[in-house]
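Asker: Take the sequence shown: its letters are residues -23 to -1, 1 to 534, numbered as in mature numbering (1 follows the signal peptide of the UniProt record, and there is no 0).
What the hints contain is simulated information worked out from the structure, not anything from laboratory work. There are no misleading hints in this set.
Derived pair list, reagent style EDC-like, types lysine to aspartate or glutamate, alpha-carbon separation capped at 16 angstroms:
no., residue 1, residue 2
1, Lys422, Glu394
2, Lys189, Asp219
3, Lys189, Glu162
4, Lys189, Asp220
5, Lys493, Asp521
6, Lys501, Glu512
7, Lys189, Glu210
8, Lys189, Glu217
9, Lys501, Asp521
10, Lys189, Glu155
11, Lys501, Asp476
12, Lys501, Glu513
13, Lys493, Asp525
14, Lys493, Glu460
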Amino acid sequence: MPVRSLFAFATALSVLLPTMVEARSLSGSYLAAAQAELRDDHVNAALYYTRALGYDGEDTQLLQRAMQAQVSAGRVGVAASIAERLLALNSENQFATLVAITHDIRRGDPARALARLDQGEQGMTPLLAKLLRGWLMMSLGDEAAALDLFDAVSGNETYEVFAAFHSALALALTGQVEAASRRMEGGDAGPVRLNRRSTQARIQLLAATGQKETALAVADDVLATGFGDRPFEVLRTRIEQDDPVQFDLVQTPDDGIAEVLFDLASVLGEEGADVALIYSRLAAHIQPDFAEAQLLVATVLNEQGQYTLATDAFDAVPSTSPQFVEAELGRMQALASDGRQDDAIAVLAGLTRAYPDSMRLHYLHGDTLRRADRPAEAIEAFDMAVSLLGEPSAQHWLVYYQRAVAHHNADNWAAAEADLRRALELEPDNALVLNYLGYSLVEEKRDLDAALEMIRRAVDQRPYEGYITDSLGWVLYRLGRFEEAIEPMERAVELAPVDPLINDHLGDVYWAVGRKREAEFQWKRALSFEPEPEEETRIRLKLDIGLDAVLAQEAAN
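Required output: the full structure, derived from the provided sequences and hints.
Answerer: Structure (structure tokens):
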């Protein structure tokens, strides 16, 4: 069977098999690789595709897939050896050429890399080929030719932004900082805006050329979200204190090639996570301490559920990097997603000790503790965050909101209500806060008319959120306005059809208006969606003895 047909067969068959098959043949290895690939399991995909090469080492599709899997798994050196085999069969294979060039740069052989580009350039996109050639010429000492190549890039607006950015980087690397800054400012076209790195480069160049106020203004725009961005905070502080700011984004031509690959990862990644992962892996292979590349690798892997690989990539960010805190936060998220909640909390605890004045870190520490159902510790962390707020602004509503949830979970409703009302002072029409406070007041059987008004406002803000529409139906039910409760509660189930609590609530409303068979149907639906154990017990009791009897028992107790 041809390999192309075999892969299609293996991919189709793999969805029918729940476990990994024995991979002791070409077809078995393909099937195992297909299963792994469907799960984004790059390590096993690399293992089984490479094993398949032992049965057919000259099939170009198999070589391509094995090479891609090895890159995705972070084994670019192994991928480069596969690339050599593929290039011997097809010298114009773009991906194989790129992988081989990347490994040549890692080994310090730009001349070999340029020779490969000469041979395989026809298979590459013009943008990638010209940017690579420009930086390789820089590496070989021909700075003028490199700058000419960057200036010659054209075709569309995206190409020209890439060209302007890399031309500025090359100018700065050759000591032409003034010219580099002018290139970044862009004249009539406006500043170069490619990604965060281009903004960071712009700020560095503005500061290095004595344009302090403009540099600070650009940094302030980045930091305007209120929760901080460590690399820009560090850079802004240095500029504000008149510390010397050197352009260090790119320090060698090799760094420039890594930058090309990272920039492509950040832009082309919109087409799919696999593209972002591959290009960022190649960038990190050239420059292992390239923090942004490692972070992009880790972020993609985390989203794919490959938590061990993600943790390894986050760990690769040096502790001296301004991105170290972001890397540790990413590692925390990967650990939490992998079910290692205590390890995730330990990461945040370490960060708050290292950066005791960071409101953001204390907030995140509190949020993680809250999610781990440790409300007392969460409140302590949130208290620290609040103490560091200074004068709160609208975006800080979330700090008070999350502390309110922690207080509520700790059975301290008075403190929870105070924080919710403070959050509303900061952002009066916030649907989450209005819904939470309104719903909680209903549960507390207090201020029901005010609670109803809050929830109506929340529904107006977010009419397509099932849990908010559920709150409206539930408060009407608690007010005894059963017929009015039917429409919003049915709407809530339409919006969130598999939510057990909302289905349970609709059952209660149906029961209250005498539609008992429909009520029992909704309770059974709620059970099918795996409610919390306590709710499951109560639903089963309602099915057994009816809602009226359950309410009577609860009132008696």
